[in-house]
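J.: Below, each chain spelled out in residue letters.
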Amino acid sequence: MNSTQNLFQGRINEGKLNQLDRQERYTLFGLTMPYLALVFGLIIFPIGWLFYMSFIGRDETLSLDNYRRIWESKAYLRIFKTTFQISILTTLLCAVLGYPLTYFMSQLSKRWANICLIGVLIPFWTSLLVRTYAWLVLLQKKGLINTLAVDWGLWSEPIKFVHNTSGTLIGMVHIMLPFLILPLYANMRTIDKDCLKAAANLGATPTRAFWTVFFPLSLPGLFAGLLIVFVLCLGFYVTPALLGGGKVIMVAMKISDNIELYYSWGAASALGVVLLVVTMIILFVASKLVSIDQVGNRN
Amino acid sequence: MMSIWNGSVSETQIKFKNRIWLYAVSIIVLFLLIVPSLVVIPMSFSASQYLEFPPKDYSTRWYENYFYSIDWLQATWTSVKVGVLTIFVATPLGIMAAYGLVNSNAKTRSILFPIMISPMMVPVILVAIGLFYFFVQFKMVNSILGLVLGHSLIAMPLVLIIVLSALSNYDMNQEKVARSLGASRIRAFFEITLPQIKFSIVSAALISFLTSFDEVIISLFVSGGDNSTITRSMFLALRDQIDPTIAAISTILIIISSVFLIFMQLLGSPKD
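Listed in order, the protein sequences are those of chains A and B. Position one of the first sequence corresponds to residue 1 (my numbering), numbered consecutively onward. Position one of the second sequence corresponds to residue 1 (my numbering), numbered consecutively onward.
Since the hints were made in silico from the structure, they are not lab data. Beta carbons: idealized from backbone N, C-alpha and C, even for Gly. Any given hint could turn out to be false.
Listing some non-contacts, in silico: residues in chain A with all C-beta distances to chain B over 12 Å [said to hold, decoys possible]:
| hint | residue |
| --- | --- |
| 1 | G15 |
| 2 | T61 |
| 3 | W71 |
| 4 | Y76 |
| 5 | F84 |
| 6 | L154 |
The calculated BS3-like cross-link candidates involving lysine-lysine, where the alpha carbons are at most 30 Å apart (straight line), are [said to hold, decoys possible]:
| hint | chain 1 | residue 1 | chain 2 | residue 2 |
| --- | --- | --- | --- | --- |
| 7 | B | K15 | A | K110 |
| 8 | A | K110 | B | K17 |
| 9 | B | K56 | A | K142 |
| 10 | A | K110 | A | K81 |
| 11 | A | K247 | A | K81 |
Not everything, but these chain A residues come out facing chain B in the computed CB check (under 10 Å) [claimed, not checked]:
| hint | residue |
| --- | --- |
| 12 | I12 |
| 13 | P34 |
| 14 | F40 |
| 15 | L42 |
| 16 | G48 |
| 17 | W125 |
| 18 | L129 |
| 19 | K142 |
| 20 | I249 |
| 21 | A252 |
| 22 | L275 |
The task is simple: from the sequences and hints, build the whole structure.
T.: This is the structure in structure tokens:
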């Protein structure tokens, strides 16, 4: 039956069918065009231009001047060091704080877990500026934390938390935590609880079952979360600019200063290219390890 | 009481008391996630112009300050306008692209998808200075159009991801059925597919608005003058001097995002 169908209909309409097929594929491809045009016009093209600008030195000729300056200058080196330090610390703190909470949520019934999830989503959808401002209020010398701590005798003198590294770290961890929790939670929910039952059945203690069964299975989610937090931290601007008080200078802030204060597109572009290349290398290596879909899914 | 204490709470028969630390840590972290943002609410009713917490006297002067300030109101209006326009750019483009991707072959998808989500992968500061350069060339700095394009750029990948996940749970053969019955592809989409993914589309639209409304860095670079967004004005105010009017605005922003969030939770993601 099938072969006769092929013999007759297939051949007779083959040309026409192929044409329709092609037409449909072009139409569908056309649907993605406006989107792609915006991405190409507003991201890929401008960044290509930044790339070009980064090779234009002060004397308006092609040179590696800007990169040489980044490489040789102690100030730039320090900025990169600060950026990496803050990003790594923030990522680790997020993991330490986020993993237990996410584990706890994954053990709850769906209903309670959803209530906790709202608790994670509220800060996620609260404006970055609002949260940064809140920490500014809480952490300053006369702020709530210092007042309480002095009253309770935790420390005798008010400690300055804002406008330095500790303030920046606290603010960034608070802002990044949901980015770690959400992919991790999605992953932990998919872990089959029967695996743990089986482990217990075979005589594993709860601790052992957790470390040999649950933890390895949660690694893809943890990894996706760590990755997105780290990459976001590398390019972070708002919180360090407001909570760092000019003492914590990260790459993104330097890029912005180079343009707003010094109109130095070359220097800014070179920094931007370095930041972009580092980010892309990390994402590329990571995409070989986990599926990129898991990264950056805000839902 | 003892039975709860010694009761097993997971598949591995771990006892409640051995896990008490987990509950403690989780509750503390959850507390730290939610509560700090809320301090701005009492702050906004403070009578003092210094950041003292808790405030000694209460007043509504910062709200008056906000509602009587032409600058703040104009900035708010700009943000709302840009947010709404972003919905109308990002959502249709995102839906179209998602539909195209779902119906294309795996190879095309694997090439196009990373390009499409690149606005999420490239550090925002680079997107911002790239746009700034581009808009300078076309005299679009400080224009509403520039802001809408910039915000749509970062909202589109979110729309794309949400609609893609909705379409991946949807059986495209339903459209084929409609078309075999004589409906055009467009009609099949609007009458069969769209109603089934409408909740995802609404939440994608809400997310587009919030993304635009909360966006700081692109606004910082490409907006200004009369078309300054509220986030830009807030950032500059926070950097230069701390004016408690920001507490009042923050409270308003918290209310707006909470309303949106509750709305989205009520809609529910179709997967649940």
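J.: Compute the least Cβ-Cβ separation between W71/A and chain B, then decide whether it is above 12 Å.
T.: Given a closest Cβ separation of 20 Å, the condition holds.
J.: Please verify that hint: L129/A, Cβ, nearest Cβ of chain B, below 10 Å or not.
T.: 5 Å, holds
J.: Double-check P34/A for me: the hint is only fine if its C-beta lies closer than 10 Å to a C-beta in chain B.
T.: 5 Å, holds
J.: Does G15/A really sit off the interface, with its C-beta more than 12 Å from all C-beta atoms of chain B?
T.: Per Cβ check, G15/A is outside 12 Å of chain B; nearest 21 Å; holds.
J.: For the pair we were handed, K56/B and K142/A, check the Cα-Cα distance against 30 Å.
T.: It holds: about 13 Å lies between the C-alpha atoms, which stays within 30 Å.
J.: Between K247/A and K81/A, is the straight-line Cα distance small enough, at 30 Å or below?
T.: Holds, because 14 Å separates the two Cα atoms, which is no more than 30 Å.
J.: Is the hint on A252/A kept, meaning its closest Cβ partner in chain B is under 10 Å away?
T.: 4 Å, holds
J.: For the hint on L275/A, just tell me whether its beta-carbon gets within less than 10 Å of chain B.
T.: 6 Å, holds
J.: Against chain B, does L154/A hold up as non-interface, every C-beta pair farther apart than 12 Å?
T.: 16 Å, holds
J.: Compute the least Cβ-Cβ separation between F84/A and chain B, then decide whether it is above 12 Å.
T.: 14 Å, holds
J.: Sort out whether K110/A lies within 30 Å of K15/B, counting only the CA atoms.
T.: 21 Å, holds
J.: Once the shortest beta carbon distance from K142/A to chain B is found, is it less than 10 Å?
T.: 6 Å, holds
Of the numbered hints stated above, those contradicted by the structure are hints 10, 12, 20, listed in ascending order.
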